[in-house]
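Let chain A serve as the given structure and place chain B with the ligand on it in line with the hints.
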Amino acid sequence: MAVPKRKTSRSNTRSRRANWKALPAVLTTCPRCSKPTPPHQACPSCGMYKGRHFAEAERTEHQA
Amino acid sequence: MPTPSKGPRLGGGPAHERLLLAGLATSLFEHDRITTTEAKAKRLRPLAERLVTFAKRGDLHARRRVLTVVRDKSVVHRLFTEVAPDMAQREGGYTRIVKIGPRKGDNAPMAVIELVREPLSAKKATVKEAESATRRAAADKKKADEAKPAAAPAAEVEATEVDDATVTPAEVQDAPTQDAPVQDAEVDDAPAKATD
Ligand SMILES: [Zn+2]
Chain A
1 MAVPKRKTSR SNTRSRRANW KALPAVLTTC PRCSKPTPPH QACPSCGMYK
51 GRHFAEAERT EHQA
Chain B
1001 MPTPSKGPRL GGGPAHERLL LAGLATSLFE HDRITTTEAK AKRLRPLAER
1051 LVTFAKRGDL HARRRVLTVV RDKSVVHRLF TEVAPDMAQR EGGYTRIVKI
1101 GPRKGDNAPM AVIELVREPL SAKKATVKEA ESATRRAAAD KKKADEAKPA
1151 AAPAAEVEAT EVDDATVTPA EVQDAPTQDA PVQDAEVDDA PAKATD
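Sequences listed follow chains A and B, in order.
Taking my numbering, I'd label the letters of the first sequence as residues 1 to 64.
Taking my numbering, I'd label the letters of the second sequence as residues 1001 to 1196.
One chain only, chain A, in its complex shape (with noise of 0.2 Å):
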């Protein structure tokens, strides 16, 4: 079986780690009720989506 040879340095894994970033959500508005909501889904917010309204898809703030 293979394994490593040398221990990885605190370096490498710092600078392997610093890679590792947090992509801001994207986010749309709601036509109906102007809140942030993410694209090509129903909004959580007011459950519309394409003049459809979905009950399932609001969430409260608690929720979120």
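Hints are not guaranteed to be accurate.
[To be verified] Only pairs whose alpha carbons sit at most 27 Å apart, straight line, appear in this in silico DSSO-like list of lysine-lysine:
#1 A:Lys-21 - B:Lys-1104
#2 A:Lys-50 - B:Lys-1104
#3 B:Lys-1073 - B:Lys-1006
#4 A:Lys-50 - B:Lys-1042
[Unchecked claim] Cβ-Cβ distance ranges computed for the label pairs, FRET-style:
#5 B:Arg-1103 - A:Val-3: 37 to 45 Å
#6 B:Lys-1042 - A:Thr-60: 24 to 32 Å
#7 B:Gly-1093 - A:Val-3: 49 to 57 Å
To be clear, the hints were calculated from the coordinates, so they are not data collected in a lab.
Just so you know, even glycine gets a beta-carbon here, dropped at the ideal spot from N, CA and C.
Here is chain B with the ligand on its own, set in the frame of chain A:
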């Protein structure tokens, strides 16, 4: 016809996937709309639409084909007697999937899959139909705009007439199998007239 899916099955194996999808299809036809994960909804759609196509055919053979997937007779009865007539005008696209936010426990992307049971004419009110109508209007240029409102009611009358003629599936169960393609042809003509 659904394309066979490549890659790993849902659940543990092929049999598990069959059972999962059968359960989802049963729930969908029982409740008209179900909330499930996006992956399951996407896999369910081709199966459910195929079952609706069988339901529209409406004969005994089609009913038995559906019963191999949906084991619940009362659900199959509901599919054939209540859902299928609503789909008579529609050529495919019997289900609608809308994505909703991720699930709390495991952050899985969730979706609502529902049967599209509203009549085809009411669809004009929605945004998509309005967009396609404006696109068509732009293609026909300005004069077509005046002709279109006159043509639309006529097309709807034709569609309803065809609908009345074809809703006699229960009586022709014992008839030879050649009847089924003929019926399908009539049903296929109707939306084509309506959209023109
Ligand atoms: Zn909204």
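When the hints from earlier in the document are held up against this structure, which numbers fail?
-> 3
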